[in-house]
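Visitor: The lines below spell out each chain.
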Amino acid sequence: GESVGLHLPTLSVQEGDNSIINCAYSNSASDYFIWYKQESGKGPQFIIDIRSNMDKRQGQRVTVLLNKTVKHLSLQIAATQPGDSAVYFCAGGSGTYKYIFGTGTRLKVLA
Amino acid sequence: ETGVTQTPRHLVMGMTNKKSLKCEQHLGHNAMYWYKQSAKKPLELMFVYNFKEQTENNSVPSRFSPECPNSSHLFLHLHTLQPEDSALYLCASSPRTSDPDTQYFGPGTRLTVL
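Taken in sequence, the protein lines are chains Z and V. The letter at position 68 of the first sequence is residue 68 when you use the numbering used here, and the numbering goes up by one with no holes. The letter at position 8 of the second sequence is residue 8 when you use the numbering used here, and the numbering goes up by one with no holes.
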């Protein structure tokens with residue numbers, strides 16, 4: 001079946017460094033991707049999205065890269081801060097509301 | 001503040017109890033969703049409503065009963081639950097179901113079934 005997975009369950013990054021969180025997907029028909037951030041005790045919070053006609057999109061301190069050839073996307077966080085500590089997961093969709101969600105990578109920011 | 005609120009935030013119930021979860025969205029969206037989030041598992045879609053009509057029941061046991069009186073409110077009625085139903089239940093909304101729009105989530109209800 002279709003899957004969306006994250007490469008690492010946990011990522012530890014020094015404060016101030018850049019973070020890169022990866023996600024792979026299996027459905028080549030996926031045309032819309034979202035990154036969510038989920039802090040402890042809270043619901044998932046939208047970070048950034050990207051459609052399949054793009055290979056890069058930038059937001060505030062975040063960049064999403066999409067490589068359709070290898071079915072991979074990544075979330076880059078610049079100058080990681082303690083407030084970035086959370087679980088990050090990607091979701092992929094193909095034309096409808098039905099997303100396939102990844103299991104998440106826990107980002108730990110070290111002081 | 002995502003514009004999607006859920007109550008209660010925490011709920012502990014016995015297997016014979018009946019309780020309801022409430023979700024309200026203030027985003028003017030027409031689609032609402034219930035998801036189940038269990039530890040170390042991806043989000044599981046449970047129900048979908050589009051313009052108050054249920055468009056998806058993802059093989060959810062009948063002990064979970066959704067209700068959508070209007071596009072802004074969504075309920076999940078619970079009865080005779082099992083301990084394995086303990087999880088975080090998330091409500092989400094999006095402009096519509098026909099397009100792959102961003103879904104905005106509420107904070108969730110942490111449910112514990114004893």
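Hints are computed from structural coordinates only; laboratory data are not their basis. Note that the coordinates shown come from a computational prediction; the quantities given were computed from them, not determined experimentally. Just so it is clear, CB atoms sit at the ideal spot from N, CA and C, and this is done for glycine as well. Treat each hint with caution, since some may be false.
[Unchecked claim] The calculated lysine-lysine pairs, modelled on DSS-like cross-linking and capped at a C-alpha distance of 30 Å, are:
{"hint": "1", "chain 1": "Z", "residue 1": "K68", "chain 2": "V", "residue 2": "K40"}
{"hint": "2", "chain 1": "V", "residue 1": "K18", "chain 2": "Z", "residue 2": "K71"}
{"hint": "3", "chain 1": "V", "residue 1": "K41", "chain 2": "Z", "residue 2": "K56"}
{"hint": "4", "chain 1": "Z", "residue 1": "K56", "chain 2": "Z", "residue 2": "K42"}
{"hint": "5", "chain 1": "V", "residue 1": "K36", "chain 2": "V", "residue 2": "K18"}
{"hint": "6", "chain 1": "V", "residue 1": "K40", "chain 2": "Z", "residue 2": "K108"}
{"hint": "7", "chain 1": "V", "residue 1": "K40", "chain 2": "Z", "residue 2": "K56"}
{"hint": "8", "chain 1": "V", "residue 1": "K22", "chain 2": "Z", "residue 2": "K71"}
{"hint": "9", "chain 1": "Z", "residue 1": "K108", "chain 2": "V", "residue 2": "K19"}
{"hint": "10", "chain 1": "Z", "residue 1": "K98", "chain 2": "V", "residue 2": "K40"}
{"hint": "11", "chain 1": "V", "residue 1": "K18", "chain 2": "Z", "residue 2": "K108"}
{"hint": "12", "chain 1": "Z", "residue 1": "K71", "chain 2": "V", "residue 2": "K41"}
{"hint": "13", "chain 1": "V", "residue 1": "K41", "chain 2": "V", "residue 2": "K19"}
{"hint": "14", "chain 1": "Z", "residue 1": "K68", "chain 2": "V", "residue 2": "K52"}
{"hint": "15", "chain 1": "Z", "residue 1": "K71", "chain 2": "V", "residue 2": "K40"}
{"hint": "16", "chain 1": "V", "residue 1": "K52", "chain 2": "Z", "residue 2": "K71"}
{"hint": "17", "chain 1": "Z", "residue 1": "K71", "chain 2": "V", "residue 2": "K36"}
{"hint": "18", "chain 1": "Z", "residue 1": "K42", "chain 2": "V", "residue 2": "K36"}
{"hint": "19", "chain 1": "Z", "residue 1": "K71", "chain 2": "V", "residue 2": "K19"}
{"hint": "20", "chain 1": "V", "residue 1": "K52", "chain 2": "Z", "residue 2": "K98"}
{"hint": "21", "chain 1": "Z", "residue 1": "K56", "chain 2": "V", "residue 2": "K18"}
[Unchecked claim] Label-pair restraints from in silico Cβ distances:
{"hint": "22", "chain 1": "Z", "residue 1": "A79", "chain 2": "V", "residue 2": "N17", "range": "45 to 51 Å"}
{"hint": "23", "chain 1": "Z", "residue 1": "Q14", "chain 2": "V", "residue 2": "K52", "range": "30 to 36 Å"}
{"hint": "24", "chain 1": "Z", "residue 1": "S12", "chain 2": "V", "residue 2": "S62", "range": "40 to 46 Å"}
Visitor: Hint says 40 to 46 Å; check whether the CB-CB distance for S12(Z) and S62(V) agrees.
Guide: Given a distance of about 44 Å, which is inside 40 to 46 Å, the answer is holds.
Visitor: Between the alpha carbons of K52(V) and K98(Z), is the straight-line distance 30 Å or under?
Guide: holds (18 Å)
Visitor: Quickly compare the C-alpha distance for K42(Z) and K36(V) to 30 Å and report which way the hint goes.
Guide: Holds - the C-alpha atoms of K36(V) and K42(Z) are around 14 Å apart, at most 30 Å.
Visitor: Quick one, are K18(V) and K108(Z) close enough, alpha carbons at most 30 Å?
Guide: violated (39 Å)
Visitor: Is it true that the CA of K40(V) sits at most 30 Å from the CA of K108(Z)?
Guide: Roughly 17 Å separates the two Cα atoms, so the pair holds.
Visitor: Range hint 30 to 36 Å: satisfied by the CB atoms of Q14(Z) and K52(V)?
Guide: Violated - the Cβ-Cβ distance for Q14(Z) and K52(V), about 49 Å, lies outside 30 to 36 Å.
Visitor: Under the criterion that the straight-line Cα-Cα distance not exceed 30 Å, is the pair K98(Z), K40(V) satisfied?
Guide: This hinted pair holds, its Cα atoms lying about 20 Å apart.
Visitor: Does the structure keep K41(V) and K19(V) at a Cα separation of 30 Å or less?
Guide: holds (25 Å)
Visitor: Mind checking the alpha carbons of K56(Z) and K18(V) for me, to see if they're no more than 30 Å apart?
Guide: violated (48 Å)
Visitor: Under the criterion that the straight-line Cα-Cα distance not exceed 30 Å, is the pair K68(Z), K52(V) satisfied?
Guide: At roughly 36 Å apart (the allowed maximum being 30 Å), K52(V) and K68(Z) break the hint.
Visitor: Given the proposed pairing of K52(V) with K71(Z), does the C-alpha separation stay at or below 30 Å?
Guide: Cα-Cα ~35 Å, so violated.
Visitor: Would you check the hint for K71(Z) and K19(V), treating anything up to 30 Å between C-alpha atoms as holding?
Guide: Violated. K71(Z) to K19(V) sits at ~42 Å, over the 30 Å cutoff.
Hints 2, 8, 9, 11, 14, 16, 19, 21 and 23 from the list above are not met by this structure, while the remaining hints are.
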